[in-house]
Amino acid sequence: MKASEDKLLSWIYVLSIITLAAMGFIAYRRHTTFVIDASFGIFVMSVAYYFRKKIIFSWEGALVSTLGFISNTAGAVGIYELSYNGIGWDKALHIISTAGISMLVYSFIAHKSKKRKVFSKLGIAVAALLIVQGISAVNEVTEFIGSRYFGIAQGMFGMTNALNPQNSQFERFDIQWDLIANLLGSVIGLGYIVIKNKFVKISY
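237 is the number that the numbering used here gives the last residue of the sequence shown; the numbers go up by one with no jumps.
It should be emphasised that the hints constitute simulated quantities derived from the structure, not laboratory data. Glycine included, each C-beta is placed from N, C-alpha and C at the ideal position. Heads up, none of these hints are tricks.
Subject to a maximum C-alpha distance of 25 Å in a straight line, what follows is the list of computed PhoX-like cross-link-like pairs (lysine-lysine): (1) K154 / K86; (2) K150 / K86; (3) K35 / K229; (4) K229 / K40; (5) K86 / K229; (6) K150 / K231; (7) K154 / K87; (8) K40 / K87.
Quick list of the computed label-pair ranges, beta carbon to beta carbon: (9) S153 / F206: 29 to 37 Å; (10) G184 / G156: 41 to 49 Å; (11) F84 / S37: 14 to 22 Å.
Sequences are here, hints too, so could you generate the full structure?
Here it is in structure tokens:
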């Protein structure tokens, strides 16, 4: 990774940690479970930043993934109450998060396999897609467990939004639509990075 990109990652990290800490403080004052989301986000991002030279090879993926963490934790200020035509904020969040993670996974596999050339570009994209969908499926399980057994409503560890399940199929079939949103996010993220690689020579 170039020095300029590493500096950009540093700025992304610092600003995101400040934002997540602020959201966590608000969540703590309001006695909501988003303090868990904020703490988890800070932990994951700190670990990723510490090992960035070994695992992060796409600053765009890092940026979009960071937006996913922030957009989720913004539930502390009520962002999960937003919806458009019956589609809750949660679905947009799934698209954003999986797009970012897909870019990170693609670039990581591309970097690790460039010497041995184990995968073609298409193979890397398919592998990244499958890995991210697997991670997404595990996340759906944690959402169910959080809601069903720990009473967590909204956020990374809950299933509830502001929409009434009786009036919105996106909430009535929450898990199914989450998986569709995850797939769409991965396609968008991988589509972007594959197209970029076609027109801009990227050194992983």
